[in-house]
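Q: My request is simple: use the sequences and hints to build the entire structure.
So the protein lines, in turn, are chains C and Y.
Residues 1 to 160 in this note's numbering are what the first sequence spells out, letter by letter.
Residues 1 to 197 in this note's numbering are what the second sequence spells out, letter by letter.
Be aware that one or more of the hints could be misleading.
In silico SDA-like pairs for lysine to any residue, Cα to Cα no more than 25 Å straight-line [unchecked claim]:
hint, chain 1, residue 1, chain 2, residue 2
1, Y, Lys108, C, Phe16
2, C, Lys24, Y, Glu66
3, C, Lys26, Y, Lys9
4, C, Lys26, C, Ile3
5, Y, Lys9, Y, Glu66
By construction, these hints were calculated from the structure, which means they are not laboratory data.
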Amino acid sequence: MDIFTLILWIVTGAAFIISLIKDKKKTLKSFIIAKNMMKSFIGQIIGVLFLIGLIMTFIPPRLIKAVLVQTNIYLSAVISSVIGSITLIPAFVAFPLAGSFVDMGIGVITTAAFITTLTMVGVVTFTIEKQQFGLKFAATRNFVSFIFSIIIALLIGVIL
Amino acid sequence: MRFLRIIKKNKLLTVVIGVYFYLLIFNTSKGIEAFQQSRYYIIEMLEIIPVILIFTSLIEIWIPKETIMKNFGNNTGVKGAVFSFLIGSFSAGPIYAAFPVCRMLIKKGASIENIIIILSTWAVVKVPMLINEAKFLGFDFMFVRWILTSISIFIMAYIIGKIINRERVFQLIIVQLFVTVYILIVKDVKDVGYVLI
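A: Written out as structure tokens, the structure reads:
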């Protein structure tokens with residue numbers, strides 16, 4: 001658990017206790033709201049997480065690396081951005097992986113495309129985002145983020 | 001009957017569970033591996049979602065609409081944008097943890113631009129993560145990507161804000177709810193087509 005999560009737990013805990021003292025009824029109401037939020041959320045999110053597990057099983061990192069090393073720069077950039085969009089690898093796993101990309105000689109642009117799409121675009125989380133914010137929002141944000149991820153990757157290739 | 005309703009409301013989950021069953025029977029090693037891969041994500045989710053939900057509901061109850069509109073509303077300009085950026089930067093957890101918070105903020109009058117900034121920053125700019133990135137990909141890489149991404153986030157927020165305006169989001173969500181309910185009641189057929197859109 002990283003430090004921000006820990007801080008969030010502490011702050012929320014304190015806020016909850018204060019809220020309980022100040023107004024019990026309101027706090028109980030907040031509990032119900034939280035419960036309803038969870039109900040609408042939980043099925044989807046568990047589905048998504050297990051789906052990620054499936055994806056990780058069938059497109060393991062070694063396979064990704066093997067493919068990327070063999071293809072030329074532009075094709076591998078496209079592939080890595082597609083893979084990055086689909087996956088949701090946690091940061092501290094993604095960076096060593098990306099580091100190994102560079103070590104194996106997979107260009108900067110490809111690596112950058114992988115990371116930018118990984119963090120900014122989420123095809124897998126799209127269903128949840130669609131449910132929470134509406135289709136137009138989710139589709140627009142993901143699409144625009146994808147475009148910008150590519151632009152950023154290309155710019156990184158130019159600058160570095 | 002209620003069981004069927006639960007299945008219909010959680011289509012994705014049902015399909016995924018189905019695939020897992022299939023795998024466990026016909027390709028057990030892959031099935032188990034899939035479970036193991038998921039394990040990290042499930043734990044990560046459990047660490048953050050309860051807190052986020054309680055946090056969000058507390059804010060929803062205690063913080064009045066006016067405060068949110070004053071700080072994140074439609075005409076807050078630079079101040080709102082910077083505020084949102086800071087919130088996203090000091091965020092905890094994966095991007096979907098931001099969804100409940102952002103949804104609540106939209107309902108309380110935050111502008112689309114600021115929400116986009118929060119969401120994108122939440123996803124990308126996390127201080128421990130940046131340190132990690134510098135370690136494995138070099139400080140130059142991390143710094144350049146951080147600068148470019150931050151600039152892009154502000155541009156994206158402006159663009160997306162232009163494409164969508166607030167009322168449409170509400171309408172879209174409500175329309176979607178209605179359509180989903182209609183489809184569930186009237187049709188017995190899986191609305192796979194709708195989901196795929």
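Q: Hint by hint, say whether it matches the structure.
A: Here is what the structure says about each hint:
1. Y/Lys108 x C/Phe16: 20 Å, holds
2. C/Lys24 x Y/Glu66: Judged against 25 Å, a Cα distance of about 23 Å means the pair holds.
3. C/Lys26 x Y/Lys9: 30 Å, violated
4. C/Lys26 x C/Ile3: Outside the cut-off at roughly 29 Å; violated.
5. Y/Lys9 x Y/Glu66: 35 Å, violated
Hint violations for this structure: numbers 3, 4, 5, all remaining hints satisfied.
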